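Whole structure, please, built from the sequences with the hints as guidance.
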Amino acid sequence: MKQSILILLTIISGSLASCSKFLDVKPKGKLIPTEVADFDHLLDNSNIAQWVFLDNNTGCNLGYLTDNLSLSDGLGNINYKANNHPNIDRYWAYLFRQPYKNPATSDYFWDWGTYRSMAYFNNVIDGVNGITNLTNENQQYAKRVVAQALVNRAWSYFITTMVYGPVYKPGSPNDTKTIPYVISSDVGATLPDLSTQEQAFALVSKDVHAALADIPEVTNWPSRPTKVAAQALLAYYHLFTQKYDSVVYYANLAWTAASAGGTDKLIYDYNGFSWTEPTNIINSTIKAQDNFLTAANSRENLFYRNIDAGAGRSTSSYPSDEVIALYDQANDLRFKYFFLTAPGYKTTYNNVTYDDGNRIQYYRGSKTTMTAGFTYPELLLMRAEGYARTNRLSAAIDDLNTLRRYRYKTGTPPLVVGSQAEVIQQVLDERRRELPLGSFKRFLDLKRLCLETGKPWSKQKVQHKIGTETYSGTIDSKDFILTISNVVLKFNPQWNIPLDGRPF
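Going by UniProt numbering, the first residue of the sequence shown is number 1, and it counts up by one from there.
If you're looking for bench data, these hints aren't it; they were derived computationally from the structure.
Please note that the accuracy of each hint is not assured.
[As the list claims (entries may be wrong)] For each label pair, taking beta carbons as the anchor points, the in silico distance ranges come out as:
1. Val352 / Val218: 53 to 59 Å
2. Asn401 / Asn133: 53 to 59 Å
3. Val417 / Ala82: 49 to 55 Å
4. Ala202 / Lys461: 26 to 32 Å
5. Gly418 / Gln329: 19 to 25 Å
6. Ala421 / Thr294: 36 to 42 Å
7. Ala421 / Asp398: 17 to 23 Å
8. Asn280 / Pro413: 30 to 36 Å
9. Asp398 / Asp328: 18 to 24 Å
[What the hints assert, rightly or not] Derived EDC-like pairs: lysine to aspartate or glutamate, alpha-carbon spacing no greater than 20 Å straight-line:
10. Lys143 / Glu35
11. Lys461 / Glu322
12. Lys169 / Asp445
13. Lys143 / Asp126
14. Lys490 / Asp193
15. Lys465 / Asp356
16. Lys461 / Asp321
17. Lys336 / Glu322
18. Lys478 / Glu198
19. Lys346 / Asp332
20. Lys409 / Asp332
21. Lys459 / Asp476
22. Lys177 / Asp479
23. Lys177 / Asp111
24. Lys81 / Asp111
25. Lys143 / Asp214
26. Lys490 / Asp111
27. Lys177 / Asp193
28. Lys455 / Glu422
29. Lys336 / Asp355
30. Lys465 / Asp67
31. Lys143 / Glu217
32. Lys81 / Asp264
33. Lys461 / Asp429
34. Lys206 / Asp193
This structure is a prediction, so every number in the text was calculated from the model and none was measured.
The beta carbon of each residue, even a glycine, is placed where N, CA and C say it ideally should be.
Pasting the structure below:
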């Protein structure tokens with residue numbers, strides 16, 4: 001974010017030290033928010049966008065549970081395990097060995113990500129709603145600010161309930177308790193009980209729908225949701241409820257509004273890319289249609305949240321063979337610009353040399369700025385999936401071909417309509433190619449798609465290899481559920497969750 005957006009006069013910090021206060025956030029500093037504009041500024045704080053499901057070194061162990069990443073013997077057993085890597089939870093996730101994180105320590109995902117952000121959103125909502133005697137103009141301003149906070153809150157809780165909960169199963173009770181859906185900024189209020197997944201889904205829907213009438217069409221930065229972002233969230237939400245007509249409805253509203261000025265303003269044409277240093281492409285930047293390819297406000301970023309940008313490079317992991325095989329290496333320009341061959345991990349440990357040699361690695365996170373929120377290409381792919389699921393196959397293929405014109409070499413033959421299963425598979429393959437390699441997007445897709453047993457795009461297990469060893473994780477199981485840290489649990493005995501005593 002621009003420095004002018006990052007700097008705030010009001011600092012908010014959370015307290016984790018006292019009983020039942022792990023979510024407390026109190027305004028501190030020289031200025032206490034009293035005006036709508038003061039609360040509005042809180043929505044520009046960098047903490048909101050910086051730490052969503054990222055560890056202290058901006059990685060995400062959720063990506064290591066998926067089929068997108070792989071570890072070599074040296075990278076896994078030496079770089080992570082033998083060297084006691086500070087983020088060894090990524091290694092344990094890759095091995096499906098629980099607990100993935102040390103249950104006795106603070107959880108970055110929880111403390112720095114979801115609930116730190118929530119403190120800002122709830123302070124904004126309660127603070128603005130508590131201001132009286134507003135002029136008509138300020139009332140409208142206040143509604144816009146609250147609407148943005150509501151959508152921010154809904155997006156974060158939606159992701160969190162699925163990360164800390166089981167596979168959501170439409171038509172089932174979904175009565176597993178997952179997370180507290182905190183909506184009060186009052187540090188003296190009793191913390192709510194854990195919400196069931198069904199309750200959390202209902203509250204997410206309520207928050208977004210409450211915001212739709214007032215959320216602005218345009219905001220000053222993509223970390224702030226617009227109306228199109230809110231509609232994209234509803235489309236994404238209904239991918240998990242399997243209400244695909246609603247996916248189409250909201251994705252179509254969002255895409256139609258966003259693309260009114262032309263698709264070129266929403267998607268980069270990779271046919272116009274070139275290297276600034278053709279003889280050193282590993283370190284080269286990319287010349288694009290504008291100068292914002294590596295900025296958070298890139299033309300493609302609809303709703304910005306920071307991402308695990310290093311996933312797929314030899315300092316942390318490699319792209320899996322399955323992912324590499326998913327690309328048309330001759331025509332897909334994403335492969336040309338982002339899947340680059342470079343020296344892999346190499347070290348000597350106990351007089352044994354580990355050398356991965358030259359490996360294909362994933363450089364999209366360093367060549368562009370990606371988002372864990374929503375991009376316009378993902379929005380288009382959500383509409384395509386909704387069309388395919390509701391048997392509007394020509395419309396689905398049209399959307400796919402729209403995106404492919406920007407991603408594949410000019411002259412690559414367009415896709416043609418096949419069976420419904422074939423079109424769904426094509427959409428999901430394109431989605432996997434387009435979304436970030438690491439982070440939680442593929443993790444959540446695996447959870448929703450595992451319900452379609454027998455379909456070629458559905459998996460019930462994920463297998464990983466390190467050296468000669470194979471490790472297997474079951475998607476619809478505890479293997480794909482994060483647990484709440486003991487740091488939180490010991491201050492909230494009312495949740496009736498026993499402390500995790502497993503060795504780490």
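Checked hints:
no., hint, result
1, Val352 / Val218: 53 to 59 Å, "holds, 58 Å"
2, Asn401 / Asn133: 53 to 59 Å, "holds, 55 Å"
3, Val417 / Ala82: 49 to 55 Å, "holds, 52 Å"
4, Ala202 / Lys461: 26 to 32 Å, "holds, 31 Å"
5, Gly418 / Gln329: 19 to 25 Å, "holds, 22 Å"
6, Ala421 / Thr294: 36 to 42 Å, "holds, 38 Å"
7, Ala421 / Asp398: 17 to 23 Å, "holds, 18 Å"
8, Asn280 / Pro413: 30 to 36 Å, "holds, 33 Å"
9, Asp398 / Asp328: 18 to 24 Å, "holds, 19 Å"
10, Lys143 / Glu35, "holds, 13 Å"
11, Lys461 / Glu322, "holds, 14 Å"
12, Lys169 / Asp445, "holds, 13 Å"
13, Lys143 / Asp126, "holds, 12 Å"
14, Lys490 / Asp193, "holds, 14 Å"
15, Lys465 / Asp356, "holds, 15 Å"
16, Lys461 / Asp321, "holds, 17 Å"
17, Lys336 / Glu322, "holds, 17 Å"
18, Lys478 / Glu198, "holds, 18 Å"
19, Lys346 / Asp332, "violated, 30 Å"
20, Lys409 / Asp332, "holds, 7 Å"
21, Lys459 / Asp476, "holds, 10 Å"
22, Lys177 / Asp479, "holds, 17 Å"
23, Lys177 / Asp111, "holds, 19 Å"
24, Lys81 / Asp111, "violated, 25 Å"
25, Lys143 / Asp214, "holds, 6 Å"
26, Lys490 / Asp111, "holds, 15 Å"
27, Lys177 / Asp193, "holds, 9 Å"
28, Lys455 / Glu422, "holds, 10 Å"
29, Lys336 / Asp355, "violated, 25 Å"
30, Lys465 / Asp67, "holds, 11 Å"
31, Lys143 / Glu217, "holds, 13 Å"
32, Lys81 / Asp264, "violated, 46 Å"
33, Lys461 / Asp429, "holds, 18 Å"
34, Lys206 / Asp193, "holds, 18 Å"
Checked against the numbered hints above, the structure violates hints 19, 24, 29, 32; every other hint is satisfied.
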